[in-house]
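So the protein sequences, as listed, match chains A and B.
Residue 102 in the working numbering sits at position 102 of the first sequence, with consecutive numbering throughout.
Residue 18 in the working numbering sits at position 18 of the second sequence, with consecutive numbering throughout.
Read the hints as simulated data drawn from the structure, not as lab findings.
Every residue gets a Cβ at the ideal spot worked out from N, C-alpha and C, and that includes glycine.
One or more of the hints may lead you astray.
[Stated by the list, open to error] Which chain A residues stay away from chain B? Per the calculated CB distances, all over 12 Å, these: (1) ASP30; (2) ASP41; (3) ARG45; (4) GLU49; (5) ARG68; (6) GLY127; (7) ALA162.
[Said to hold, decoys possible] Some chain A residues well away from chain B (every beta-carbon gap over 12 Å; in silico): (8) LEU38; (9) ASP39; (10) VAL56; (11) ALA73; (12) GLU100; (13) ALA166.
[To be verified] Simulated restraints on C-beta separations: (14) A:ALA73 with B:ALA68: 45 to 53 Å; (15) A:ALA32 with B:ASN37: 22 to 30 Å; (16) B:GLU38 with A:GLU49: 27 to 35 Å; (17) B:GLY86 with A:SER5: 26 to 34 Å; (18) A:TYR24 with B:GLY65: 52 to 60 Å; (19) B:THR5 with A:PRO93: 41 to 49 Å; (20) B:ASN37 with A:THR42: 34 to 42 Å; (21) B:ALA91 with A:ARG164: 32 to 40 Å; (22) A:ALA73 with B:GLY65: 42 to 50 Å; (23) B:LEU16 with A:SER26: 16 to 24 Å; (24) A:GLY80 with B:SER22: 18 to 26 Å.
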Amino acid sequence: MTEASRPYTLIAELTYRCPLRCVYCSNPLDYATHGEELDTDTWLRVFREAEDLGVVQLNLTGGEPLVRDDLEALITGARGLDLYTNLITSGIPLRRDRLERFRALGLDNVQISIQDVRAADSDRVAGVRAFDRKLEVAGWVKALGFPLTLNVVLHRANRHRARRAARRRPARAGQHAVPRLGASESLRAPAHARAARARPRDRGPGAPAPARTHGSPLRRPRLLP
Amino acid sequence: MISATTRPRLASKARLRFDRKSTRYMLLYPEKGLELNETAADILKLCTGEHSLAEIVDQLSRKYGRDAPDVERDVVAFLQTMADRGLVQDAP
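Only chain A is shown next, with the shape it has when bound in the complex:
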């Protein structure tokens, strides 16, 4: 495999189950008809094969990945492969002691979705009362020293508040929280086609041109494709 075609990131959709009912979501609601979820050993095999292909980043998502009771084993396996391991969650079913356990197991990063910047608007989009709980969980994430990413799906009902969403800081987040707009679930591929698919990492924001590329023994690193 050439460097150009190498996958860097595996998005592992561990389950379709989710406590939210976001209006834009492509996740199937009749997930009982979609058959069994992959079991722990199968996922661990997928992680090994992905790492062997060149994957260095793992996103654990769903549905809501916290409904899997083997998440601890999956995080342990991923960190054993030295994968940069990211949990993408609604935050709803999370308990603080479980998050502490994830921290001890080496989970690298937590992404929490909010649906809008005001509780009532966010909860309307999510289909359930979730906003206050999400902020509480975001506060735990920061308190435990995790990097935190806030994901906000932008659409007609909230795009005029995009600036405020970008400034949104979770309760007790401290001054180091710098939320930024993440990829939206609704912009991803249809659920049925993406159960265990690796895809190359998106290029990050454009890096400034190197100030100097010759005459120095210390050249700047290049951004991964």
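Place chain B on chain A using the hints.
Relative to chain A, chain B alone:
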């Protein structure tokens, strides 16, 4: 601002990892990563919060057989770009 007494360390979100595919080091952080050349990796490996900038420059100028002022200029420029991206910070 980076000075001789700065003790740089990686931000908590950033992790250095050797990549056997490219045989280079990578600096991984949420949803992104940097593939590092040899000198960049050598600098970041010393960013543990234990070494001052002066010590890092001293080690690298001996390793590469270059004059310390040249190395310092390059190291400071590199660390400044990394600090601007929030990937390196001064150890408390």
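Quick one: which hint numbers does this structure break? Sort them smallest to largest. Violated hints (numbers, rising): 10, 15, 23; every other hint is consistent with the structure.
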